[in-house]
Amino acid sequence: MRILLVEDDPVLAEGLARALRAENFAVDVAGNGEDGGHLGSTELYDAAILDLGLPRRDGVSVLRDWRAEGRTLPVLILTARDAWSEKVAGFKAGADDYLTKPFRTEEVVMRLRALVRRAAGHAGARIECGPLSFDAQLGQFELDGLPLKLTAFEWRVLSALMLRKEVVIERSDLIERVYEGDADVDSNSIEVIIGRLRKKIGTDRIETVRGRGYRLTAGTA
Amino acid sequence: MRIWPRSLFGRLLAVAVLGTIVALAFAAFTIGHVLERFVTRSLDQQLDAQVAVLARAVGPDGRLDRSRAVNLPAFEETGSGWGWRVDGAAGHWSQGAAFEPELERWRHHRERRDDDDRPPQAGPRPGEGRDRSGERVHFRQMSVPTAVGPVLLTAAGPRRVSDQPLVEAMAPLLLSLGVLGFALGAATLLQLRFGLRPLRALRRDLTAVREGRARHIPSDQPAEIAPLAIELNALIDQNEEGLAHARRHVANLAHGLKTPLAALAVRLAEPGRDPDGALGEMVAQVDRRLRHHLGRARAAAPGANQRLRTDIAPAIADLIHALGRIHAERAVVATARIAPDLAVAVDPQDLDEMVGNLLDNAWRHARSTIDIAAAREGPIVRIVIGDDGAGLSEDFLDEALVPGRRLDERGEGHGFGLPIAQELAELNGGTLTLGRAPSGGLSATLALPAPGVDGSP
Chain A
17 MRILLVEDDP
27 VLAEGLARAL
37 RAENFAVDVA
47 GNGEDGGHLG
57 STELYDAAIL
67 DLGLPRRDGV
77 SVLRDWRAEG
87 RTLPVLILTA
97 RDAWSEKVAG
107 FKAGADDYLT
117 KPFRTEEVVM
127 RLRALVRRAA
137 GHAGARIECG
147 PLSFDAQLGQ
157 FELDGLPLKL
167 TAFEWRVLSA
177 LMLRKEVVIE
187 RSDLIERVYE
197 GDADVDSNSI
207 EVIIGRLRKK
217 IGTDRIETVR
227 GRGYRLTAGT
237 A
Chain B
269 MRIWPRSLFG
279 RLLAVAVLGT
289 IVALAFAAFT
299 IGHVLERFVT
309 RSLDQQLDAQ
319 VAVLARAVGP
329 DGRLDRSRAV
339 NLPAFEETGS
349 GWGWRVDGAA
359 GHWSQGAAFE
369 PELERWRHHR
379 ERRDDDDRPP
389 QAGPRPGEGR
399 DRSGERVHFR
409 QMSVPTAVGP
419 VLLTAAGPRR
429 VSDQPLVEAM
439 APLLLSLGVL
449 GFALGAATLL
459 QLRFGLRPLR
469 ALRRDLTAVR
479 EGRARHIPSD
489 QPAEIAPLAI
499 ELNALIDQNE
509 EGLAHARRHV
519 ANLAHGLKTP
529 LAALAVRLAE
539 PGRDPDGALG
549 EMVAQVDRRL
559 RHHLGRARAA
569 APGANQRLRT
579 DIAPAIADLI
589 HALGRIHAER
599 AVVATARIAP
609 DLAVAVDPQD
619 LDEMVGNLLD
629 NAWRHARSTI
639 DIAAAREGPI
649 VRIVIGDDGA
659 GLSEDFLDEA
669 LVPGRRLDER
679 GEGHGFGLPI
689 AQELAELNGG
699 TLTLGRAPSG
709 GLSATLALPA
719 PGVDGSP
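Chains as they are written, first to last, in my numbering: chain A, 17 to 237; chain B, 269 to 725.
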């Protein structure tokens, strides 16, 4: 899960990004409205956390532009503006959720996970795929009822596949959802992660669709 | 020491009444004087004629020739108050009423002084006196030089002969002046009431501004008051601007503090930094205080909203949309039954804040449904928000509206929305009451002022 964090306060941005990475999110940070708007328009994100009082461009106008361009990524507004009129204005601009500062980090994590899950079309928190199950709210995988230990990269790849189970995800999409914007991506690294995941959850679960990408499937096993 | 009344009305009335009294008194005096001279002159003419007859009857030896002293008709009647006398060294003669001179008229002295270059005997001089019966008489007197010295010729007539027509003329004159005085007084009162009416209207307009029924004083004022109205409106604007500035300042301060506070909270949430959560609770306390004061700063000026008109239905629809997303994980259905044209005389942001807090509270506690109904009852609009949650016991219903009292520690910042909604309702001239909903949950009723007739577009 790759998140765009648009927040101008460097201390808060850094602290929140660290907390989100600890929860396996890939996080790109933008320090002003212009950069944030550009990243949201051009890169692929599972969700965005958007401050409203931003330098150069206000968050509401950034959000409005994304929606006008047809960008449907879930947006969580995270702001000091806590009046209900401001919240209503945020939702009218196209926000999916709204949190006011100060906030509890767990609250942000829970809401982000819920946004990403619902955007992928899952109403309930639990997603099953054969013997594999994913609690999208707690971010935990289980295999045959037992907790599955994963590295951050493995978690990102598997959660991306799990949220779109039985659907082919293009390799380039998968790379975008797993690596942060400034990461130095090795051309084979996704294959390496897929290989490690196959060892953990079974080779048949992840199909390679030649020339297109990968698919998580309940399979026949 | 204060001589003049403090009120403009009193001052103008006092000046007008004093001026009228002085003018009327002067008129009465001058007209009376002219009248008196007029009626006295005819008496004087008769007396002067008699004096002239007597003068011709006095010989060079100072003796009166009675055969030549012909009496004018009035002097023939005895006891009528008419009479004459001749006093000289050669003897005393008299006819008719006997009288004694009492005083000479002041004008007489003055005339004599003024006429110093002429002989004093030039003509008869006036005088006043009384006859034997005590009746006042008017006389004319002249001194005639003879060989034995001056002979004094005096002819007197009763004062009533001139007084009677004077009294007859003065009575209706004074009555007319009195009526004129009353008419002028009444006109002055009317003029003052009419003339000072714009001042009373200005006071009413200013009261309306203070009570929030109007934003400004109407500008269509009389020329003398228009500059005052303009200055007052400028003052009102300045005051409003100052208030808005102060509110923005508080809001900026609160918002400015929230981001570092959020950064602090994020740092504290990192593993090992705040093991027992005490520091996190302190951050939460700071946040609660900030939100409390921000809420108060955000509240519009008390009662300044009677001219406002905020439609309820779209505001609540927007809030339901927003809250549906905020609480997307809770399967709660909110149903609003509100007439599309129903409005309240409340600032739109205040309405959002009150209803938003109450709906948020309902959403946190509802099992599955929230009912929102609104209806106008005369001058107020009641908005009732009921949920089907566990509700509050009678004891907690009172405590729920104590600021900062957290009845339920589950939700973040919960227990805070109710007092904010209550405070805003009261600042807007309304009330918030809590009760039990038909479905058993909490029912919150906001009573807010309805737009007045002049608030309708």
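Just so you know, these hints were derived from the structure itself, not from any lab.
These numbers were taken from a predicted model, which means no experiment stands behind them.
Treat the hints with care, as some may be off.
Some chain A residues flagged as far from chain B (calculated, every beta-carbon gap over 12 Å) [as the list claims (entries may be wrong)]:
id, residue
1, GLU23
2, ASP25
3, LEU32
4, ALA33
5, GLY69
6, LYS108
7, MET126
8, GLU170
9, ILE191
10, LYS216
11, GLY229
Footprint (simulated), chain B over chain A, 3 or more residues, beta carbon under 8 Å [said to hold, decoys possible]:
id, region
12, 99-105
13, 176-187
Each residue gets a CB set at the ideal place from its N, CA and C atoms; glycine is no exception.
Checked against the structure, which of the hints given earlier come out wrong? Failing hints, ascending: 1, 2, 3, 4, 5, 6, 7 and 13.
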